[in-house]
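All chains should be built: construct the whole structure from the sequences, respecting the hints.
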Amino acid sequence: MARPAAAFRRLGALSGAAALGLASYGAHGRGLGTKLGLCLERPLGSGAWAEPVGSPRPHVYLPARGALSLLKSPSRVQLVPSAQFPDAYGKELFDKANKHHFFHSLALLGVPHCRKPLWAGLLLASGTTLFCTSFYYQALSGDPSIQTLAPAGGTLLLLGWLALAL
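First residue of the sequence shown? That's 1 in the UniProt record's numbering, and the numbers climb one at a time after it.
To be clear, the hints were calculated from the coordinates, so they are not data collected in a lab. Note that beta-carbon positions come from the ideal geometry of N, C-alpha and C, so glycine has one too. Be aware that one or more of the hints could be misleading.
[As the list claims (entries may be wrong)] No farther apart than 25 angstroms at their CA atoms in a straight line, the calculated lysine to any residue pairs in the SDA-like style are these:
(1) K91 / F103
(2) K96 / L162
(3) K96 / L149
(4) K96 / G110
(5) K116 / G142
(6) K99 / L140
(7) K116 / G154
(8) K99 / L22
(9) K99 / S126
(10) K91 / S145
(11) K91 / F102
(12) K96 / L14
[Said to hold, decoys possible] Using C-beta positions, here's what the derived DEER-type ranges look like:
(13) S141 / A18: 17 to 27 angstroms
(14) D95 / R115: 26 to 36 angstroms
(15) S126 / K99: 14 to 24 angstroms
Put into structure tokens, the structure is as follows:
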């Protein structure tokens, strides 16, 4: 049973990394441009290119000449707001999903040390997926249609914790 245990430890580490990435996304915004807190309105000179403000992918591409041009004329930079949630409840749901995602990623790291690692790992991984995905989806889209998956995911999480304990 060493193989499944090692796989769940790796899955827990990857899940924790994903939770950290989603936490950054929720706190700081979408895309490279918004993570930097800026988006460029127009090209910065020869060799530089940037997508226009309001573009669906606000990535910023700055060749060396464009970066130097930015230092000379910072008025070409426009601030872009962080991640947009449909409402305050969406932000609360996102934070709740992220907290549970972190906690259950840590639980997956402990799976190799229990008596039934296959059962505990499967229950925790599937429960985390169902529970957190439904909250992430509703938080970002405002659509509660898959919210019915949360109770099933929560039940699987409870069974996973019991499998860890027994």
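Cross-check of the supplied hints:
Straight-line distance between C-alpha atoms of K91 and F103 comes to about 19 angstroms, which keeps the hinted pair within the 25 angstroms bound. A hinted pair counts as satisfied when its Cα atoms are at most 25 angstroms apart, and K96 with L162 qualifies at roughly 22 angstroms. For the hint pairing K96 with L149, the CA-to-CA distance comes to about 15 angstroms; that is within 25 angstroms, so the pair holds. Of the pairs offered as hints, the one joining K96 and G110 holds, with about 22 angstroms between alpha carbons and a cut-off of 25 angstroms not exceeded.
Distance restraint check for K116 and G142: the Cα-Cα separation of roughly 38 angstroms exceeds the 25 angstroms cut-off, and the hinted pair is therefore not satisfied. For the given pair, K99 sits about 16 angstroms from L140 by alpha-carbon distance, which is consistent with the 25 angstroms threshold. Distance hint between K116 and G154 is fulfilled; the C-alpha atoms sit about 20 angstroms from each other, no more than 25 angstroms. Note on K99 and L22: the hinted pairing holds, with a Cα-Cα distance of about 10 angstroms set against a maximum of 25 angstroms.
Taking the CA atoms of K99 and S126, the gap is about 17 angstroms. The hint holds against a cut of 25 angstroms. Distance hint between K91 and S145 is fulfilled; the C-alpha atoms sit about 18 angstroms from each other, no more than 25 angstroms. A distance of roughly 17 angstroms separates the Cα atoms of K91 and F102; the hinted pair therefore holds under the 25 angstroms criterion. Under the criterion of a C-alpha separation no larger than 25 angstroms, the hint pairing K96 with L14 is consistent with the structure, at around 19 angstroms.
Between S141 and A18, the C-beta spacing of about 19 angstroms keeps the proposed range 17 to 27 angstroms intact. In this structure, D95 and R115 meet the distance hint of 26 to 36 angstroms, their C-beta atoms being roughly 34 angstroms apart. For S126 and K99, the hinted distance range of 14 to 24 angstroms is satisfied, since their beta carbons lie about 19 angstroms from each other.
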